[in-house]
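**Student:** If you want the building blocks of each chain, they are given just below.
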Amino acid sequence: MKATFGSSTTVYIGNYYEQTGSTIRKYYYAGGQRVAMRENSTVYYLLTDHLGSTAITANSSGNRVAELRYKAWGETRYTYGTTPTTYRFTGQREDATIGLYFYNARYYHPALGRFISADPMVPEPGNPQALNRYAYVYNNPLRYTDSTGHLPWWAYVAGVAGLYIVGRAGYEVGTLIVPGADQARRDQIGGSLVTEFADVIERESAARSVDPRLVSAVLRHESAAFERRLLTLWPTMQPGLIANTAEFAQSVLQGDAASIGPGQMQLRRARELEEMGYVTPRRNDFERRLALLNNQTAVEYVAGMLQYVSDQLRSIQGYNDLEFEQQQRLILIAYNWGWTEEFQKHLRDRGFIEMIERAGYDNQTLDEYLRWRENR
Amino acid sequence: MNIKLSAIALCWLWLVCSLAACTARFEPIELTALPASVSQPDAREIDVEVVLAGAENQVRKVLPDAYLEFFGFSGDCRELPHLRGTINLGFDQVQQGIVRQQVLVASVSVNTVEETMDLRFADHSSYYIISTAPLLLQNSLPVREIAVLAYENIIRLGAVPCDVNLTWSGVRDTWLVECTAPGSGSLGPRRCEFEIEPLTGQVRGTQQ
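So the sequence lines, in the order shown, correspond to chains A and B.
So for the first sequence, our numbering puts the first residue at 1; every next one is plus one.
So for the second sequence, our numbering puts the first residue at 1001; every next one is plus one.
Extracted from the complex, chain A is given alone in its bound form:
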């Protein structure tokens, strides 16, 4: 690079070499830090402050030959001797002729504390300081430096990550609004889970005399619950580490009431099922949470719960007079409610038929599973 001011022309080769007329300067670095320079045959040591600004210049004997001190925004507040380099505030090059610092992409005015041109990017729209595209280091010059004239690289990465996250969340919220999109997501995510664990579902259903279609319907629907999808990095992925970690934390913070795992089962229900012998007992809540979050062991809990509510319903005389499909739908309703006093009261007040017809969600769970199975 070549810079000409008036009659003086300086040639630069990277940050290592520069020549102005017959004066040749070479720079030496250690650990990315400029530590010394040679001007023709004279060696100088360059000592910097916490921002990397050139502060003290010493000769080869270690004696101070020059010193610079700066104000917060880069103006010189103290001078001693003649500093032999133009690399000064924050280690950037000063063009003394025009009184500006060159930060690779833009010129910076130390008296104004501003760049004289706008940053072409706003990589952190959430940071109000970043919206001022003339601002220098978020207006915090005592803490940050800016070697490029742009924000640091991690700010770009964070900005892109932030945009992706907002986009992902928007996509999933959109699936709740666009007709059919929610079911398509459940087909995609829940369907692949049901397909992958078909043998486990068959085995657990057979062991409990439960219709495997009900187990599959619950898993297809619940494993792709909106909150779980929202916490998945890539749209086609099964909810994994992020969703499980969040649900685990939610279960710890909210106690027994939080629904977790691909079966979206409450911890207290899981505990009750274990106590009643419907599923393999776990030693503590930690193991129980892990079992509920694990795709394979969650199948056991779903099948166990369906078996439990089926047993309860079968103990009601009128239930056995219902048609098979009505029985299946009632089992799914009872799965969602849990075998609670409130559920039993509703059932008594409304009767079987009214209860089934009102439960749009649970009917949808089965109907949508049957549609998916037929079409796949």
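It is possible that part of the hints are untrue.
[As the list claims (entries may be wrong)] If we take Cβ atoms under 8 Å as the criterion, some of the chain A residues that face chain B in the derived model are:
| no. | residue |
| --- | --- |
| 1 | 35 |
| 2 | 316 |
| 3 | 317 |
| 4 | 318 |
| 5 | 342 |
| 6 | 347 |
| 7 | 349 |
| 8 | 357 |
It is worth saying that the hints were derived from the structure and are not from the lab.
Heads up, the beta-carbon is just placed ideally off N, CA and C, and yes, glycines get one too.
Based on the hints, put chain B in the right spot on chain A.
**Tutor:** What follows is chain B alone, placed relative to chain A:
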């Protein structure tokens, strides 16, 4: 940078949790054996309008925007024409949240013999999405006439004595009558099941 990304991830989690929990929490309320008016002053017959007005009055103290969603009568089928038994009423109040709607439900049971009322309020939105279509009783013959028609058909079917459950809700377009073995309640062994057209009183789908 790791700190920055971790902070973003935490913000994301917070946003999601906030969206999921942005509807106000509603704790269940249960009130039992409240005194209930079931007939007009100086009248002996049970008046559905009076029962409804009393229930609505109580429900709207907690859920001011609640509307009727379900009407049911259960009891001995011989008492059906007089509506002496339990009148079950369902009220819904639906509030739209950011991500999903919140459905608050009031279930009212009025014992028309003892003239008492039980109420239960609960939030049904988190685990159970239900039909919340309103029930418009004015789109039907008077409940008493429907009850008489139902009883006459039960006699025709030879199902007396029995327990009966007469129901109608916003999700159905007909009254539903279910008879069960006497003393077995609404979920007992079935004796009959049929529907009644609300406007014409026509009986259909008779099944014994």
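**Student:** For every hint, state whether the structure bears it out.
**Tutor:** A quick look at each hint next to the structure:
no. : hint : in the structure
1   : 35   : violated (26 Å)
2   : 316  : holds (5 Å)
3   : 317  : holds (5 Å)
4   : 318  : holds (4 Å)
5   : 342  : holds (7 Å)
6   : 347  : holds (6 Å)
7   : 349  : holds (4 Å)
8   : 357  : holds (5 Å)
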